[in-house]
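So the sequences go chain by chain: A and B. Using this note's numbering, the first residue of the first sequence is number 20, and each one after it goes up by one. Using this note's numbering, the first residue of the second sequence is number 20, and each one after it goes up by one.
Hint data in this document are derived by calculation from the structure and do not stem from the laboratory. Misleading hints may appear alongside valid ones.
Remember, identical chains collapse to one label, so a pair may be satisfied in a single copy or spanning two.
[Unchecked claim] Here are the simulated DSBU-like cross-link-like pairs (lysine-lysine), alpha carbons at most 35 angstroms apart as the crow flies:
#1 Lys382 <-> Lys344
#2 Lys176 <-> Lys140
#3 Lys140 <-> Lys344
As the structure is a prediction and not an experimental result, all values here were calculated from the model.
2 protein chains.
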Amino acid sequence: MPDASRLVETLEAIVGPGFCLSSPEHLLAYECDGLTLHRGSPSAVVLPADKTEVVRVVRACRAAGVPFVPRGAGTGLSGGSLAECGAVVIECSRLNRVLEVDPEDRVAVVQPGVVNADLSKAAAPFGLLFAPDPSSQQACTVGGNIAENSGGPHTLKYGTTTNHVLALEVVLPSGELLRIGSRTGWDFGYDLVGAVVGSEGTLCVVTEATVRLTPLPEAVETLLAVFPDIVSACRAVGDVIRSGLVPAALEIVDRRTIEAIEASVYAAGLPADAGAVLLVELDGAVAVLAPQMERVRALVAGQGATRVEVARDAAERQRLWRARKGAFGALGRLAPDLYVHDAVVPRPRLPEVIDQILAIGEKHGVRLSNVFHAGDGNLHPNISFDRRDPDELARVLAAGDEILRACVAVGGVISGEHGIGTEKRDFMRLVFGEDDLAAMQRLRDAFDPDHVCNPGKIFPTTRFCVESNPKARGYDRVSFDS
Amino acid sequence: MPDASRLVETLEAIVGPGFCLSSPEHLLAYECDGLTLHRGSPSAVVLPADKTEVVRVVRACRAAGVPFVPRGAGTGLSGGSLAECGAVVIECSRLNRVLEVDPEDRVAVVQPGVVNADLSKAAAPFGLLFAPDPSSQQACTVGGNIAENSGGPHTLKYGTTTNHVLALEVVLPSGELLRIGSRTGWDFGYDLVGAVVGSEGTLCVVTEATVRLTPLPEAVETLLAVFPDIVSACRAVGDVIRSGLVPAALEIVDRRTIEAIEASVYAAGLPADAGAVLLVELDGAVAVLAPQMERVRALVAGQGATRVEVARDAAERQRLWRARKGAFGALGRLAPDLYVHDAVVPRPRLPEVIDQILAIGEKHGVRLSNVFHAGDGNLHPNISFDRRDPDELARVLAAGDEILRACVAVGGVISGEHGIGTEKRDFMRLVFGEDDLAAMQRLRDAFDPDHVCNPGKIFPTTRFCVESNPKARGYDRVSFDS
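All chains, full assembly: derive it from the sequences and hints.
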């Protein structure tokens with residue numbers, strides 16, 4: 020057993036007093052991330068000031084035989100930044116500088132702790148933005164976006180984080196500092212940047228990122244179509260996609276989510292009578308948006324939209340997006356816990372899968388709501404619950420299990436933009452065989468042969484120390500032994 | 020030493036008579052690819068009919084201790100499909116079926132031997148296309164595009180092959196068949212598809228690919244701006260990019276290339292008086308193209324364009340593209356050999372780097388021409404020569420060496436869309452240290468621990484059997500010992 024107190028001393032010597040947290044009351048804040056269901060206590064939390072300190076922290080952890088976990092803002096929804104196996108959390112909030120914005124080359128160089136929305140703010144004076152915009156963008160960091168390959172409502176047109184990361188500086192678990200990728204966006208040899216983006220912090224610690232910036236669109240139009248029910252809204256999404264239009268976003272919000280939003284600080288006057296609303300955003304040149312909006316109006320009407328509201332100005336548009344992006348926060352007020360699910364199905368299967376999900380929710384008697392990136396087929400069935408009620412918890416987990424299986428059955432995947440983390444590691448076998456897992460494990464070993472970088476994530480639990488997360492074990496039992 | 024004749028018998032039993040080539044006259048055709056400077060003779064060439072045969076071929080090679088090389092159409096320009104170390108070539112031309120085109124989900128499922136242009140032809144009736152369009156698209160295959168992460172003129176707006184591959188079925192060097200990625204485009208766990216795309220056939224053999232299809236643009240406009248010199252054309256490219264426009268393509272063709280094209284079957288009436296032409300393609304909605312074209316006209320005029328020609332219809336547009344894409348073929352007529360270089364520099368550095376490249380060509384007295392994807396900063400300085408003239412060859416190699424160093428010096432990379440292959444393996448140390456190479460080697464080992472899959476590519480020559488490619492050794496000497 021490593022001597023934790025001596026490691027804490029060493030870490031404090033590296034990062035300076037006040038930047039190595041180890042008292043129980045300090046560590047409590049790092050017990051979980053946005054997935055409140057899973058918990059794990061770190062040995063310590065360090066806040067390095069620069070990459071040199073990150074290198075020294077990693078080396079100190081290695082010397083002490085203690086694993087480590089990079090962490091951004093802790094807004095992740097799959098337990099990806101949870102400290103398992105007594106890991107040390109490397110908290111990146113002091114690495115928060117935008118080092119460069121280059122409008123000619125359309126790139127920015129940032130430290131990992133830069134808040135997503137702040138990067139777009141820094142790019143705005145040059146007519147540019149950082150396209151990935153997860154709903155948590157006011158808090159989440161670029162480093163976390165890279166770890167989870169974050170998406171957001173505008174993924175439909177602009178892709179996920181991996182499409183916007185050009186080069187990285189990383190600290191390998193061996194303590195080496197490595198620069199991978201190229202500012203030009205052209206990589207050669209192997210795509211190491213691609214391997215790191217979305218690896219959920221299990222391969223290395225990112226200390227600097229060179230990212231692509233995107234020109235701000237000339238104009239934006241946002242339209243809200245009101246539907247009597249969610250399945251019609253899904254059908255309208257199919258029609259829009261088939262029409263050849265490529266909207267910037269196609270989002271569905273169901274009645275229960277609307278009620279939660281309207282009862283919260285995010286209230287935006289969403290229609291109380293709607294079964295669901297479809298938020299359509301088009302961007303591009305002024306001249307094309309009007310005819311495209313007309314086509315969208317016709318298409319949604321064809322699927323039974325009872326009316327359409329168009330945001331009249333930037334303020335109205337912003338209010339709609341604030342409501343959409345605040346949905347998870349609003350739902351959080353309904354019950355002590357919120358399980359934000361995340362799965363993707365082929366778009367043409369959306370209507371039938373949504374039907375099935377509603378039936379599963381009813382069957383298990385759980386408080387299910389749906390707010391999701393419909394244009395991507397990226398579902399977020401959310402369940403409000405109280406984890407102190409064991410019966411409710413069991414039903415929540417059983418419903419989640421069935422939902423994932425329904426998505427996989429139509430050719431979908433068990434995670435879109437939230438990652439596997441601890442949340443879905445035991446669902447990996449739903450889609451992957453031993454050969455697939457072995458191939459992934461070999462890729463991991465190429466970076467982290469000793470499994471000291473964010474241990475316990477992605478891979479099914481048999482592969483790592485199980486003692487640190489009793490709730491994960493309970494989850495395992497519920498989902499596989501029942 | 021493995022018994023080659025017994026392996027040939029085994030392979031023939033797998034693929035059937037006529038589909039395993041082993042006579043010297045048959046093997047001659049596989050001695051090189053588009054990089055005529057490097058040569059290597061395979062032990063045999065097999066043409067499997069399906070994935071089961073690919074699995075059996077790989078297993079037979081492993082049992083015999085012989086390496087293997089997947090090969091598409093052999094149009095690659097970096098020696099990527101060269102058989103080194105007596106490898107068996109797995110030729111994919113019989114795996115040439117488009118298995119599915121799904122317009123609702125905008126995906127196609129294809130075998131690796133499908134010709135790039137044929138895939139877009141198959142998608143066209145649904146209003147879709149496969150966006151990557153390398154100049155060799157009439158011959159090159161999707162499997163080869165995946166191996167090299169091919170680009171093309173439209174990369175500027177649509178990205179390279181890696182942005183269009185959703186899922187793959189691959190045969191690992193162990194002989195296992197593995198499916199990676201997801202048809203939905205959402206991957207989780209590690210991005211194995213991203214690792215395979217661009218790996219130059221060194222990780223596995225692709226037997227099936229699920230790719231993204233892109234809606235055909237509503238309208239296309241193509242404009243040819245005539246410049247007195249190439250540096251002004253480069254400056255105009257910078258102005259277009261800075262203006263916020265995202266053209267579908269921004270291509271520069273210099274005077275020497277124009278002369279070669281006009282003397283060939285690709286003649287398109289390109290202006291004989293131009294120092295260089297800039298080909299600008301805009302696509303999108305009809306309503307926006309006219310004002311965008313006006314902006315481009317003003318921008319190119321501002322950098323000294325003497326006149327502008329606009330393609331009046333699809334036939335004229337096609338003729339221009341046929342000329343542009345036929346440039347390499349046309350240049351091939353000027354001398355027995357053509358060295359097509361490939362490097363990328365940050366776009367704002369284009370004018371100065373082009374100036375340097377011209378000076379390098381003059382200094383070494385080589386026949387240099389430039390035709391390139393200027394919008395991406397992706398240069399193709401091409402050198403026409405006769406490899407039977409040792410003095411000329413030495414000058415060609417010395418000039419190439421200096422050109423690459425000039426690109427790296429401004430923050431560029433040594434390969435854009437053509438790969439490293441055998442061509443640039445000894446330049447890898449120009450940009451990568453031992454730590455970087457070791458990280459890449461570990462990634463390779465995750466797939467191919469025994470280095471039997473396309474050996475001798477990407478990594479510097481000290482790492483593999485050197486006996487098989489005397490010309491590569493000469494190259495090495497010229498570039499590093501002189």
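Next item on the list: Against the structure, test the hints numbered earlier, and report the numbers of the ones violated in rising order.
Entry: Hints that this structure does not satisfy do not exist here, as all of them hold.
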